[in-house]
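The lines below spell out each chain.
2 protein chains.
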Amino acid sequence: MLISKIGEFGLIERFRKLIKLDASVIKGSGDDCAVIKFDRDNYLLLTCDMIVEGVDFTSRTDPILIGRKAVAISISDIAACGGTPRYLLASLAINRKTPVNYAERIMQGMLSLAKKYKINIVGGDLSRAEKVVLDVSMLGRVKKKDLVLRSGAKIGDIIFVTGTLGGSILGKHLKFTPRLKEAHFLVKNFSPSAMIDISDGLAQDLGHILKQSNIGARLYADLIPQSACAKNLADALYSGEDFELLFTLAPRQAKKLLAKNLAIFQPIGEIIDKKYGLRLVEKNDREITLAQEGFRHF
Amino acid sequence: MLISKIGEFGLIERFRKLIKLDASVIKGSGDDCAVIKFDRDNYLLLTCDMIVEGVDFTSRTDPILIGRKAVAISISDIAACGGTPRYLLASLAINRKTPVNYAERIMQGMLSLAKKYKINIVGGDLSRAEKVVLDVSMLGRVKKKDLVLRSGAKIGDIIFVTGTLGGSILGKHLKFTPRLKEAHFLVKNFSPSAMIDISDGLAQDLGHILKQSNIGARLYADLIPQSACAKNLADALYSGEDFELLFTLAPRQAKKLLAKNLAIFQPIGEIIDKKYGLRLVEKNDREITLAQEGFRHF
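Just so you know, the protein sequences line up as chains A and B, in that order. Our numbering applies: residue 30 is where the first sequence begins, and numbers increase by one. Our numbering applies: residue 30 is where the second sequence begins, and numbers increase by one.
One should not assume that every hint holds.
The list cannot tell twin chains apart, which means a pair is met if one copy fits it or any two copies do.
[As the list claims (entries may be wrong)] Straight-line alpha carbon distances no greater than 30 Å define the calculated BS3-like cross-link-like pairs of lysine-lysine that follow:
1. K312 - K34
2. K174 - K284
3. K66 - K172
4. K147 - K201
5. K312 - K160
6. K183 - K260
7. K260 - K217
By construction, these hints were calculated from the structure, which means they are not laboratory data.
Input sequences plus hints: build the corresponding full structure.
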C-alpha cells in the first residue's frame, strides 16, 4: 500500500500510535505546537515546518520570500497556541551550483522576520540536494493561562476567523504576516476555547478542532470573509495557506469581542453537537454537510 | 559566485555574520548545540541535523537505519555538549508513491533510539519530495557545570578520542551508537576543556576546536585508533561520520583518566600554541602540517 492511499493524516495517525510520551509533555503531536513543562507559570512550545521547492514555492520564487515563509509558518503555529516565538533552527538543503547570493537571500528573508519578532536564529544545518528544502524548527514560550489548544471548543461557542480566506496561492502564501499580534490580543483579553491556524484550508483545519474537541460546527456562507483573490466560496473553504487564525469563544466572550467592532475578527459560525458534523448554511438558507478536507501532501 | 566556491563553512560564516542574538543565548551557531538560558542550574540545548537521500544514505538503505541515523546524529551533538536529549521534532519529505511500510520503518528507526534514550517524539511535519529528506531537531538539557563547548582547550591539554576512526562509510555511519554514556561519564568525573563529535573527520573537527579555542594541536600517527574498516591513516584523519567524541583534558585530569585504563578513551595528541596549526608526528618521527579538512557538503 502506497502513502498516497492512506494520505497525509492517515500516515500521521499511524506514526502517532507508536509514540510514547513522558509526563513532562503536556501535548505531543496533533496540535499547532508541542507543549512541554517549563516552570511554574510557563510552558515551552515546539514546532517545525518544512518547505520544499516545487511544492511550497518554485525555482523562480524570490529566495527572500522562501526564507520569510519558512519562518512565518512556524510563528503562525506558535501564535495559534497563544505563545511567543523565541529561538529557531534552520536546516537548508541546497544545490552546490547555486549562487551564494541565492542562499544569502534565503537567510535575509529569515532574518527579516526574526528581527521583527525578536527571534534568535541559534543554529542550523546545511546539506546538499537537487532541490531546495528548508526546515525551520522553533522554540517558544506560553504562559500556562494563555495556552490554547484545538481541543477546548464547546457546543454554543462562536467560531471566528482573522482576515480573509482563499486565493492565497496568488501571493499571500509567500508574504503573509503571521497573526501573532492578534493571537496575543485574544489570549490577553479573552479565553479562546480552541484555536488553530488555517494552513490547509478552513474546512480541513476546522475539522481538526471538531475532531479534537469532539463537537460539530455550523458555518454561514454569508459570513465567511473571502479574500479579494478568492475565486469563490469553495476557494475560501478549501484552499490552503491562508495562515489566518480560526478560534472559538464562549457566547458571552464572543459578544464582548463583537462589541469591539474589530474588522480583523469575523464570526463565521457556531459550535454544535458532534452528530451534525460540519455544516454550511448556504446563501439560500439551505443547510448542507461539508467535507472536512483541504490541502494534503499525499 | 557559486556556493561550491566558498564551501559549506564559507557559507555558514556569511550567515553567522548577519545574526544578532539576545542575552538569553549563551552560545548560538558554531558549536555542536545552541545553548540557551533555562533555570538556575541548567541550560537548554538545541540542535538539528538534516539527512538527504543520495548524500547521507541511498534509496536502498533500510529505512529503519535512516530514521535511526537522523536521531543518533542529534543525540551525538547533545552528548558533545555534555547534555541529555529530551525531546525531538522530525520533518520528513517523502514521495507519495512510497509504500506506507517504508515510512513506518523510518519512524520505527527513530522510535528505537527515542525509547532507548528516553526522548519524547513530540511532533513533526510531513512534506512531499522526490527524494527522502529527514530533518530532526532536538531539545536537551545540560547542567551548567557540565556544559562543554569547542572553545575551552588550553596549551598543554591532552587530546582524546572515543572508539576508533575511519571507514564509517562501510556501515558504521548508519548504525553507530552515539557516545552519550561516555560523555556523561566524562562530565561527571572530569572537566573536559573542549569537546566535539567527529562528524566530518578528525582533522576538520579538531580544526573547529583549534579555531574556537585559539590554539594548535600535535597528533601522533601511532596513537590514532584506526577502525578495522579504515583503509589507512588518512581515512581515519579525513573521512566523515565517525560520530566519536573528540575532547581535551588538562594534564592532571588526563593522567587520572589514563590511570583508569579504559580502552574506549584513547589519547592521540596534545594542544600546542596556535602558531603551529595542526601537526602530525608520523611513524618515522617526522612532523608535518595537516590540512584541517574533511567532509564538506559543497
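Status of each hint after checking the structure:
1. Taking the shortest Cα distances, K312 and K34 never come within 30 Å of each other, neither inside one copy (35 Å) nor across copies (61 Å).
2. Proximity of K174 to K284 under the C-alpha cut-off of 30 Å is restricted to the intra-copy arrangement: shortest distance 21 Å within a copy versus 53 Å between copies.
3. Proximity of K66 to K172 under the C-alpha cut-off of 30 Å is found in both arrangements, the shortest distances being 11 Å within a copy and 17 Å between copies.
4. Taking the shortest alpha-carbon separations for K147 and K201, only the intra-copy value of 23 Å comes in at or below 30 Å, while the best inter-copy value is 41 Å.
5. With identical chains, the CA atoms of K312 and K160 are never at most 30 Å apart, being 45 Å at best within one copy and 45 Å at best between copies.
6. Taking identical chains as interchangeable, the C-alpha atoms of K183 and K260 are never at most 30 Å apart, the minima being 32 Å within one chain and 66 Å between chains.
7. Proximity of K260 to K217 under the C-alpha cut-off of 30 Å is found in neither arrangement, the shortest distances being 35 Å within a copy and 63 Å between copies.
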